[in-house]
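J.: Sequence:
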Amino acid sequence: MSRVLRCEQLAKQWLALSLQTLEAGHATIAAHAVNRSLSYRQTPEARIFREFLIRHQYSALYDSLARQDWPSVRRTVSNLHVLQGNNEALSRFQEFIDHLSARSTNHSEPFSRWHLL
Numbered sequence: 265m266s267r268v269l270r271c272e273q274l275a276k277q278w279l280a281l282s283l284q285t286l287e288a289g290h291a292t293i294a295a296h297a298v299n300r301s302l303s304y305r306q307t308p309e310a311r312i313f314r315e316f317l318i319r320h321q322y323s324a325l326y327d328s329l330a331r332q333d334w335p336s337v338r339r340t341v342s343n344l345h346v347l348q349g350n351n352e353a354l355s356r357f358q359e360f361i362d363h364l365s366a367r368s369t370n371h372s373e374p375f376s377r378w379h380l381l
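Residue numbers (my numbering): 265 to 381.
No lab work stands behind these hints, which were simulated from the structure alone. All values derive from a computational prediction rather than experimental measurement. Backbone N, C-alpha and C fix where the C-beta goes; we use that ideal spot for every residue, glycine too. Among the hints, a few may not be true.
[Claimed, not checked] Derived Cβ-Cβ restraints for the label pairs, each shown as a range: (1) 366 <-> 265: 55 to 61 Å; (2) 316 <-> 351: 40 to 46 Å; (3) 316 <-> 270: 32 to 38 Å; (4) 350 <-> 316: 35 to 41 Å; (5) 370 <-> 326: 32 to 38 Å; (6) 359 <-> 290: 24 to 30 Å; (7) 265 <-> 332: 53 to 59 Å; (8) 307 <-> 265: 16 to 22 Å; (9) 269 <-> 289: 28 to 34 Å.
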């Protein structure tokens, strides 16, 4: 019984850390912390927060893409991999981002939001 209670306590602590670190602007730590929380116990609160964090990261990704902030884009995609695992759609999106980044860096053609459509 003590192990079950300890897992419950650890799940709550890791979820609290995830919330605090996201509030402080550290999404990478928040992503790892919410996953750790879920590894101890699959609470509805942790699952809901994980889904919120995924939506938050996609929003941050689109903002970073619009600014052509490639380090931020890569960091955000890495966070999404932590939260969602390595799925095919995310891998293809990463390839697309690499293409846009290379194109922007080479200055062969200016980046435009219309390239995304």
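J.: Tell me the hint numbers this structure goes against, listed in increasing order.
T.: The structure conflicts with hints 2, 3, 4, 5, although it agrees with all the remaining ones.
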